[in-house]
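Protein chains: 2
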Amino acid sequence: MSYLYQLGERRVIEIMIRYLDVMPRIPVPFWDDVSAVDLGEDRLGVLKTDMLVWSTDIPPGMTHYQAARKAVIMNISDLGAKGVRTTGVLISLGLPRNTREEEAVEMARGMNAGAREYGAYVLGGDTCETDEIIISGMAFGIGEKGKLMLRSGARPRDILATTGAFGKTAAGFKILIEGLDAPDDLRRKLVDTVFVPRARVEEGVALAESGAVTASMDSSDGLAMSLYDLSRSSGVGFRVDQLPASPEARRFTELHNLELSDLVLYGGEEYELVLTVKPERIEDAKQALRRVGGELIEIGEVTEEKAIVYRSRDRLEPIKAGGWEHFKSSP
Amino acid sequence: MSYLYQLGERRVIEIMIRYLDVMPRIPVPFWDDVSAVDLGEDRLGVLKTDMLVWSTDIPPGMTHYQAARKAVIMNISDLGAKGVRTTGVLISLGLPRNTREEEAVEMARGMNAGAREYGAYVLGGDTCETDEIIISGMAFGIGEKGKLMLRSGARPRDILATTGAFGKTAAGFKILIEGLDAPDDLRRKLVDTVFVPRARVEEGVALAESGAVTASMDSSDGLAMSLYDLSRSSGVGFRVDQLPASPEARRFTELHNLELSDLVLYGGEEYELVLTVKPERIEDAKQALRRVGGELIEIGEVTEEKAIVYRSRDRLEPIKAGGWEHFKSSP
Numbered sequence: 038m039s040y041l042y043q044l045g046e047r048r049v050i051e052i053m054i055r056y057l058d059v060m061p062r063i064p065v066p067f068w069d070d071v072s073a074v075d076l077g078e079d080r081l082g083v084l085k086t087d088m089l090v091w092s093t094d095i096p097p098g099m100t101h102y103q104a105a106r107k108a109v110i111m112n113i114s115d116l117g118a119k120g121v122r123t124t125g126v127l128i129s130l131g132l133p134r135n136t137r138e139e140e141a142v143e144m145a146r147g148m149n150a151g152a153r154e155y156g157a158y159v160l161g162g163d164t165c166e167t168d169e170i171i172i173s174g175m176a177f178g179i180g181e182k183g184k185l186m187l188r189s190g191a192r193p194r195d196i197l198a199t200t201g202a203f204g205k206t207a208a209g210f211k212i213l214i215e216g217l218d219a220p221d222d223l224r225r226k227l228v229d230t231v232f233v234p235r236a237r238v239e240e241g242v243a244l245a246e247s248g249a250v251t252a253s254m255d256s257s258d259g260l261a262m263s264l265y266d267l268s269r270s271s272g273v274g275f276r277v278d279q280l281p282a283s284p285e286a287r288r289f290t291e292l293h294n295l296e297l298s299d300l301v302l303y304g305g306e307e308y309e310l311v312l313t314v315k316p317e318r319i320e321d322a323k324q325a326l327r328r329v330g331g332e333l334i335e336i337g338e339v340t341e342e343k344a345i346v347y348r349s350r351d352r353l354e355p356i357k358a359g360g361w362e363h364f365k366s367s368p
Numbered sequence: 038m039s040y041l042y043q044l045g046e047r048r049v050i051e052i053m054i055r056y057l058d059v060m061p062r063i064p065v066p067f068w069d070d071v072s073a074v075d076l077g078e079d080r081l082g083v084l085k086t087d088m089l090v091w092s093t094d095i096p097p098g099m100t101h102y103q104a105a106r107k108a109v110i111m112n113i114s115d116l117g118a119k120g121v122r123t124t125g126v127l128i129s130l131g132l133p134r135n136t137r138e139e140e141a142v143e144m145a146r147g148m149n150a151g152a153r154e155y156g157a158y159v160l161g162g163d164t165c166e167t168d169e170i171i172i173s174g175m176a177f178g179i180g181e182k183g184k185l186m187l188r189s190g191a192r193p194r195d196i197l198a199t200t201g202a203f204g205k206t207a208a209g210f211k212i213l214i215e216g217l218d219a220p221d222d223l224r225r226k227l228v229d230t231v232f233v234p235r236a237r238v239e240e241g242v243a244l245a246e247s248g249a250v251t252a253s254m255d256s257s258d259g260l261a262m263s264l265y266d267l268s269r270s271s272g273v274g275f276r277v278d279q280l281p282a283s284p285e286a287r288r289f290t291e292l293h294n295l296e297l298s299d300l301v302l303y304g305g306e307e308y309e310l311v312l313t314v315k316p317e318r319i320e321d322a323k324q325a326l327r328r329v330g331g332e333l334i335e336i337g338e339v340t341e342e343k344a345i346v347y348r349s350r351d352r353l354e355p356i357k358a359g360g361w362e363h364f365k366s367s368p
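First to last, the protein sequences are chains B and E. Under the numbering used here, the residue at position 125 of the first sequence is numbered 162, and the numbers go up by one with no gaps. Under the numbering used here, the residue at position 231 of the second sequence is numbered 268, and the numbers go up by one with no gaps.
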């Protein structure tokens with residue numbers, strides 16, 4: 038007999054999925070960022086639900102407004118990673134009975150703001166009573182069949198890339214949770230990435246329209262874990278040649294003598310897209326991103342061999358399947 | 038400064054909604070059972086999310102399988118009440134880390150069963166770690182514009198009706214929570230309505246297709262509260278001439294000298310539809326239900342005056358806005 042903390046979140050999901058009947062001709066398989074239903078005429082209804090739990094997901098100092106906004110953003114991000122804009126958001130909100138009216142109002146304002154920033158609307162939801170704040174969001178959008186950037190399309194020799202640099206949220210969490218210090222301007226930047234995450238929706242839509250991308254996902258579980266997820270779905274491996282380290286994360290690690298690669302690889306709660314691009318189409322992908330004010334960062338290559346490695350000074354080091362995992366990671 | 042327990046769930050929702058931008062030409066307004074987005078060509082994507090919390094929603098004796106099944110059913114029921122079949126279900130599952138693997142498997146089996154009973158599939162979801170079990174379900178289905186049975190269409194002189202009798206779940210909860218007794222066969226029937234709820238999906242679809250129904254909702258907050266919700270959305274009142282009391286509930290109240298009308302009106306977690314029908318089309322509604330093995334129970338009339346009253350032996354008694362309400366009702 039096993040308990041969930043012995044199994045970890047991924048194994049629990051694996052086990053549970055075995056007991057689910059699979060919809061015939063399901064447009065998006067289990068284990069991708071989103072689910073989908075066929076709407077006919079080459080359109081898909083794209084759906085995502087993800088839950089935010091106050092005690093495990095909200096660091097000290099984060100406001101009710103920011104928490105509710107984030108619960109919306111993290112669902113919108115998953116659709117964006119597939120190249121789909123969110124139309125509507127629903128929220129199931131669990132609140133303790135001693136929540137103050139003002140806090141509920143701040144959460145309403147936060148979820149509205151999160152949706153409106155990305156052109157979506159909060160369409161409805163439900164409240165109920167819980168011991169701690171639980172914000173279960175769901176996002177709906179309409180996608181085009183054949184254009185969704187799934188996790189499963191990466192092929193050997195594709196270019197591995199991201200839409201941005203990594204490490205800031207990990208540094209932000211070290212400040213907020215472990216109490217590490219940083220000069221005011223740096224501190225603000227790092228903490229902001231935790232409190233006010235941004236979803237790469239326009240970037241995802243532009244990349245999907247370019248037709249140059251073979252696989253994509255958001256990096257909310259960390260860069261390393263995203264590589265493992267893409268590897269699993271696509272049946273490939275990755276060689277990372279260059280870590281997409283943010284200058285702010287670098288500055289922070291120098292201050293505290295921390296290993297930069299740890300922050301870049303094993304952070305999480307980052308919403309950059311991790312993607313693979315056909316080598317001959319790399320300029321198209323770059324241009325698509327530039328048009329929406331983004332930038333493609335090439336970090337490595339897709340490999341036939343399923344290992345996930347980092348080439349550091351001509352040595353290949355394995356990248357661990359690390360990152361936050363529910364049930365296992367918590368104290 | 039107010040706390041939620043001073044406001045109650047409905048007031049909290051009222052307050053929060055004020056801070057949400059309303060989607061232009063929103064197909065279904067706030068306060069209905071479901072939300073919807075326009076899919077074009079007279080079709081709507083119909084969405085619902087509702088959360089089940091172990092400590093407040095699951096009575097002693099209910100299994101993990103039954104709880105997960107119910108979390109799916111209660112979302113499917115809301116779509117069914119609008120006349121819409123659910124295509125896909127997503128689940129955000131919060132689990133304590135000391136949950137046993139077998140319990141997780143039972144929940145997967147339960148949610149799958151709940152979906153499959155109504156022709157739907159579980160398409161995906163998410164798990165995370167919580168202090169107690171939280172099952173946040175969401176349902177998606179495709180509806181036809183103009184055919185959705187909203188809460189807002191009831192007109193004076195329409196016939197008030199239900200798809201079934203009430204009171205069994207209230208009796209079931211008295212057995213399970215208050216420890217009241219009942220003979221084995223009766224006990225089983227009453228407790229089953231709590232443990233294994235049924236959604237009236239085929240009934241809802243048949244009624245919507247009949248075109249005879251002006252308003253409809255499911256009765257998960259109890260019959261009285263459903264009347265208040267329909268009254269609010271339609272701007273009408275109701276006169277109940279005949280309580281749709283289940284024979285089993287009647288037998289139970291006789292055993293324990295309880296007031297039958299309390300169980301019928303102020304129960305909850307029942308999934309019968311409460312609806313209003315154009316008087317000249319009542320036979321069509323009855324036939325539509327009969328074709329799917331159901332039965333329409335006429336219980337009263339829609340009134341111009343917004344009061345909600347029960348005509349008992351030629352006296353009009355007000356029906357209270359009672360029933361379960363989160364934040365307020367709990368101890």
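Keep in mind that the hints were calculated from the coordinates and are not lab data. This one's a predicted model, so the numbers in the text were calculated from it and none came from an experiment. Certain hints may be false.
[Said to hold, decoys possible] Listed next, the in silico DSSO-like pairs over lysine-lysine satisfying Cα-Cα at most 30 Å (straight line):
hint, chain 1, residue 1, chain 2, residue 2
1, B, Lys184, B, Lys211
2, B, Lys343, B, Lys323
3, E, Lys226, E, Lys211
4, B, Lys182, E, Lys184
5, E, Lys182, B, Lys184
6, E, Lys211, B, Lys182
[Claimed, not checked] Here's a subset of chain B near chain E, in silico, CB distances under 10 Å, partners left out:
hint, residue
7, Asn149
8, Gly174
9, Lys182
10, Gly183
Note that CB positions come from ideal geometry on N, CA and C, so glycine has one too.
Hints versus structure:
Straight-line distance between C-alpha atoms of B/Lys184 and B/Lys211 comes to about 38 Å, which puts the hinted pair past the 30 Å bound. Note on B/Lys343 and B/Lys323: the hinted pairing holds, with a Cα-Cα distance of about 26 Å set against a maximum of 30 Å. Restraint check: the Cα-Cα separation between E/Lys226 and E/Lys211 comes to about 13 Å, which is no more than 30 Å; the hinted pair holds. About 27 Å separates the Cα atoms of B/Lys182 and E/Lys184, which keeps this hinted pair within 30 Å; it holds.
Among the hinted pairs, E/Lys182 with B/Lys184 is consistent with the structure: their alpha-carbon atoms are about 27 Å apart, no more than 30 Å. Straight-line distance between C-alpha atoms of E/Lys211 and B/Lys182 comes to about 51 Å, which puts the hinted pair past the 30 Å bound. Contact between B/Asn149 and chain E, as hinted, is supported at the beta carbon level, the nearest pair being about 5 Å apart and thus within 10 Å. Below 10 Å, beta-carbon pairs count as interface contacts, and B/Gly174 has one with chain E at about 8 Å; its hint therefore holds.
Given hint, B/Lys182 at the interface with chain E, is violated; its Cβ is 14 Å from that chain's nearest Cβ, farther than 10 Å. Taken as an interface hint, B/Gly183 does not check out: its beta carbon lies about 18 Å from the nearest beta carbon of chain E, beyond 10 Å.
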